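Undergrad: Listed below are the residues making up each chain.
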Amino acid sequence: MSEVIGVIGAGGKARPDSAAESDVILELRHVTKRFPGVVANDDVSLSVRRGEIFALLGENGAGKSTLASMVFGMYEPDEGQLFVRGTETRITSPAEAVALNIGMVHQHFKLVSNYTVAENIVLGDEPLRRVAGVLPWLDMRGAEQRIADLSARYGLEVDPCAVIENLGVSAQQRVEILKMLYRDSEILIFDEPTAMLTPQEIEHLLNIMRNLRREGKTVILITHKLDEIKQVATRCAVLARGKLVDVLEVADTTTAKLAAKMVGYDLALTIEKKSAALDNAPTVLQVDHLTVEDDNKFPVVNDVSFRVRAGEIFAVAGVAGNGQTQLADAIAGLAAVKSGAISLDGVDLTQMTVRQRARAGIAYIPEDRHGMGLILDLPLLQNLGLKSYFHHPFSQRGILQTEAFEHHARRLIDDYDIRAGQGPRTLTRQMSGGNQQKAIVAREVELDSRLLIFVQPTRGLDIGATMAIRRRILDQRDSGKAILLISLELDEVLALADTIGVMYGGRMQKIAPAATMDRYQVGEYMMGARASTSASASTSTNASISPNTPATSAAPATSAAPEASAAPAEVQAGTGTQQG
Amino acid sequence: MTKKKPLQLFARLLGNERWQFITIPAFSILCSLVAISVIILLIGKNPLEAFSSLLAGAGWIAKSNYAGGKAAFTDFMDMLDAFTPMLFAALAVTVALKSGLFNIGVAGQMLLSGFIATVAVGYSDLPSVVARPLVLLIGIVVGAAAGALMGWLKDRFNIHEVVSSIMLNYIFQYVISFFIKTRYIDPVSRQSRMAAASARLEITDIKIAGVTTHFPLGLVLALIAAIGIWFLLAKTKTGLELTATGLNAKSARYAGIRTGRTLIIAMGISGALAGLAGVTYYLGSVRSIIPGELTSVGFDSIAVALLGNTHPLGNIASSLLITTLTSGSTYMSSTVGVRQEIASLIVGMILLFSACGGYLKLWVQRATSEQLPDKGSESVHPRTISGQEEQA
Amino acid sequence: MNTIIIDGLSFALPLLIIAIGGIYSERSGITNLALEGLLGFGAFSGGLFVAATAGVFAPTSQVPLYLSFLVAAGGGALFSILHAVLCIKFRADQVISGVVVNIVSIALTGFFTSTINAAVFGQASNKFMLSTSPRLTIPLISKIPLLGAVFTNFYPFEVIILVLVALCWYLLYRTRYGLHLRAAGDNPQALDAAGIDVARVRFKAVLMSGALSGVGGMCFAYSISTNFSPAIYFGSGYLAIAALIFGNWKIMPTFAACLIFGFARSAAYQLVLALNADASVADLAMITPYVITLLLLAFFAKTNRSPRALGELYDKSKR
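Protein chains in written order, with our numbering: chain A, 1 to 580; chain B, 1 to 392; chain C, 1 to 319.
In isolation and in its complexed conformation, chain A is listed as follows:
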């Protein structure tokens, strides 16, 4: 097994660069894939050359993930052919793709959370030794050695013995890459790999991709971020509405051209935002020294203090798993507060129930739409009434007033442009993700609360729905509401925030007016690399004990930072949505 690495290396060397450029390793001819109601890919033909970084660009729903999934054997095309290394191939399962040396890093990592790094990497291809000459026994020590070798070779630092649930997003991603390398993959597919990373981690990842290319690997990069393509890709295929728009040499094009190709028209993506007048605005939400513990008594939110004023968008930036969700849950009353206080308009809420807080003036658009924001098996009208069903006019003496629900639902469906096949009676499960989210936003905005908490409000939505929701957030701010916005998408934070707070390891590392911070500064706080003076003493210890703390090494990322800071941030503000 261990010699294989050498073979690949030799193979890469054997081919002169020019020959490798023209050598087609993967080709799709007239590929079409349909899902009920949608043509995900419509007659797509393209070819990928050995040793290039080939980008698939398109907005959400353009069909790029579907295309890659077919290459990885997760779907079979309805029409068209697939050629791998010149031979026509049917790939009917991921296992077959792996046998063809194709690997994929999925957007949602496929890792077993209670297994070690090494166990995850070998899963499905485990090395065995024989105890007493007969009994097959998992050879984890051998695997760990081989993984250590691989990670040294490709610059993917990760401890083979670490348990996945103790690793941060970026380290988990490196495990996914190692998984592919362990299986000697030559074609490496990355599905939106940068969505959850800080700018510095993104730089690090792009460097890894350059490394992989240097070692003779072929990389297919799925993204909607133009500057990444500009930085690493050799060629770029643009998809829109399932169709292939064009394939471009990246060196000969500009990000503006790419953007125009992607959406089919010139973009007006920057949202106009009036500057907020906050000097005399009253404080709506006040959080003082809030600490929240998880089931293992670990402080996932650690001594956090901040305030949100009327007419202000306070946006919390941070890498996933640094306590943002728990912060929102604690304010809404869904997570137990260990210590500290939460008050709204000067009234202490800390001891109140979820409902009392909602009635006191908190609306909450949660991160988990399906698991929390909606009850998918109830009809839309009841979901729209989920926060108000218990009072007049929806309930009278304990009995539900169907007409009131219906009337309310019809009004919201019209006002918020919610599309539901059978009107108020539509089963919520049958609605599209964007309309489900619109329904949640409609319900919460209608509560006319003093404070609105938005967590990941545009995740997985296409540009139209994203823009509608962002405009809605700004409208609410302009009407004097206090907004707490929590987003993993740095672009969203930068586009909407009046004030930015950065969370890392459960602490609020930095709070500053949005105008005073650029994306790289925010990124450094997101990694805990920079700490505000008050928190600096505890950050380092905090990082080493937290199970949720990204164990990213900041060194290579920060060194790469300056050269890339010219990235066109204004274009991204709108396109920077993440896929569901």
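Everything labelled a hint here was simulated from the structure, so no lab data went into it. It should be emphasised that the depicted structure is a prediction, and the values quoted were computed from it without experimental measurement. Not one of these hints is a red herring.
Simulated pairs of lysine-lysine, DSBU-like, Cα-Cα distance not exceeding 35 Å:
1) K361(B) to K89(C)
2) K302(C) to K297(A)
3) K237(B) to K250(B)
4) K237(B) to K361(B)
5) K261(A) to K273(A)
6) K250(B) to K204(C)
7) K261(A) to K230(A)
8) K230(A) to K257(A)
9) K250(B) to K302(C)
10) K237(B) to K302(C)
11) K127(C) to K63(B)
12) K302(C) to K338(A)
13) K63(B) to K207(B)
14) K45(B) to K127(C)
15) K204(C) to K361(B)
16) K257(A) to K274(A)
17) K204(C) to K250(C)
18) K250(C) to K338(A)
19) K70(B) to K45(B)
20) K70(B) to K207(B)
21) K250(B) to K89(C)
22) K250(B) to K297(A)
23) K273(A) to K230(A)
24) K250(C) to K297(A)
25) K250(B) to K250(C)
26) K89(C) to K45(B)
27) K237(B) to K338(A)
28) K181(B) to K127(C)
29) K274(A) to K230(A)
30) K235(B) to K250(B)
31) K250(B) to K338(A)
Here are the simulated distance ranges between beta carbons:
32) V85(C) to A120(B): 42 to 52 Å
33) A26(B) to D414(A): 34 to 44 Å
34) T137(C) to V131(A): 28 to 38 Å
35) L128(A) to D315(C): 28 to 38 Å
36) S64(B) to A298(C): 51 to 61 Å
37) R190(B) to R135(C): 25 to 35 Å
38) L295(C) to R183(B): 23 to 33 Å
39) K243(A) to G358(B): 35 to 45 Å
40) F83(A) to G358(B): 33 to 43 Å
Beta carbons: idealized from backbone N, C-alpha and C, even for Gly.
Given chain A, work out where chains B and C should sit, using these hints.
TA: Just chains B and C, lined up with the frame of chain A:
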């Protein structure tokens, strides 16, 4: 394609969603009857004969002859005797299931409330005007307390209700057995002493046209309870809270529902219904308690609830079916010679097939949507469906 | 004291093997409330085998005894296919499926025991009689005070179970299959992406649980009543579930839980005997294991973590 045709026809038969609540259980019953017929044939008996004697035993059709003072009507009333506690018990399971809980402690709750009512009222000499309402009250209160206890154990200690209710079933069973054996035993029958007639929820010795029969007082109450539970679940605030918690407890909490309290309420209501089942059983057709034994009504009610699509009104139909099977089986085994245990086997089979009901629904959905040629080719683009999540 | 240890072990070990069956199924992501039914059907198969081969072997032969465990394992595995198919293929609710399998098991074994007894052996009985299992004592070691009781008067099946436990531990923690099984219960998507068929892994795990439960059921048939009768359904399957929850879905802590149940039970019996109370008091003693289960769960159920994907349908199309 031709091979698919009969399948598709079948799918369309089951396909109408409006009627699925009836077509799918009907299909499960049909499947199990076929399976049982095969078994009966294998042991060399005639399944049709067996089934018709089953119906005769339950009083739906006439037997070939009757003993003096008896008629098909008597058998039918006997069946209704069994039907009453069964409906209560099934409603108990239904309320719990709708709230996301699985109450398999119905049998234990029945025993506990039946025992306490017997001891407190059945052995007293209170006049029936006082005794009967008191029995019902005890049934409700004791059952509700036992049910709520399980809800509380789940809420407070995270003990799965299935495990706790099984444990409590055994604890009730043994403790009550101890008390019966030491205090209330009838030395001849080796069961608890008979409860007084004035406390029984049963009018006996009614004479109609030379036939002596009886009437279960709980019957009317059980039917009212079915309608009441339907109203509770479909039309009230509490019902919405129960259903919401049952469908998605996390969302319910987010909506401000106190799910812990809802859980205890749900188990309380479920327990109260089980308690009513207990008193209508142990102080209804049966008059005494066998120590150390749980009634099969408690477990059969799970089948009844599932078969009735966990709909309170559906429970009426399924209770009728299952009690027909159980009360007709004695006559069947004596006339056709098929062992009485076949009744519980039929129940088991029906359960087995109705557990697949969800899959059947899904399958029908798929099969019928294939029929419509290419809805997708109208090229509804991802963009036109605003906010469509990418298919991957 | 010695009796407490001897009886405690003979109860705890069958319980353990059933609980390990449950661990296999649940660690793979399939909730298994069907253990009760599986152990019953296993014991039924073993009992039927012994009854059917009664004339074949010499009356003193130990062969049917040992073979009956094998047959019980096979019977349990066979019956567990029902649960596996319902949960994996027909996507039934796993809790409901488990209860349904139990009900069907009770009905089926009751019906067939009576029918077969009447039709084949010509007697009206709901039991299959078994031969009395021998009991072994290791000389010398059994003389050690207290500890010696472990090696005194034990059933051969206790040795079989200990060997099986070691094998099960090895299979679960040190083989490819074990790695796949535990991954299926935590993140089936990851296993699928690694090219392993999740449904297959789970199917095998449920089969394992059936086989192990069958063995456990057969042990109870020998140790408790020396026959197969409907009395085999006395709740040990549910006790085993409580034990594995208490043992946090791990083999060794579950072992400890089973020992606690076993000793509590035998100690309660000895207490009744020591007090010289009449038989009805035994009813009160019977509740000890159940009360202890509830109490232990009250302390431990909250902190224990079930496998992450337990009870979830795995839908391949939802990647």
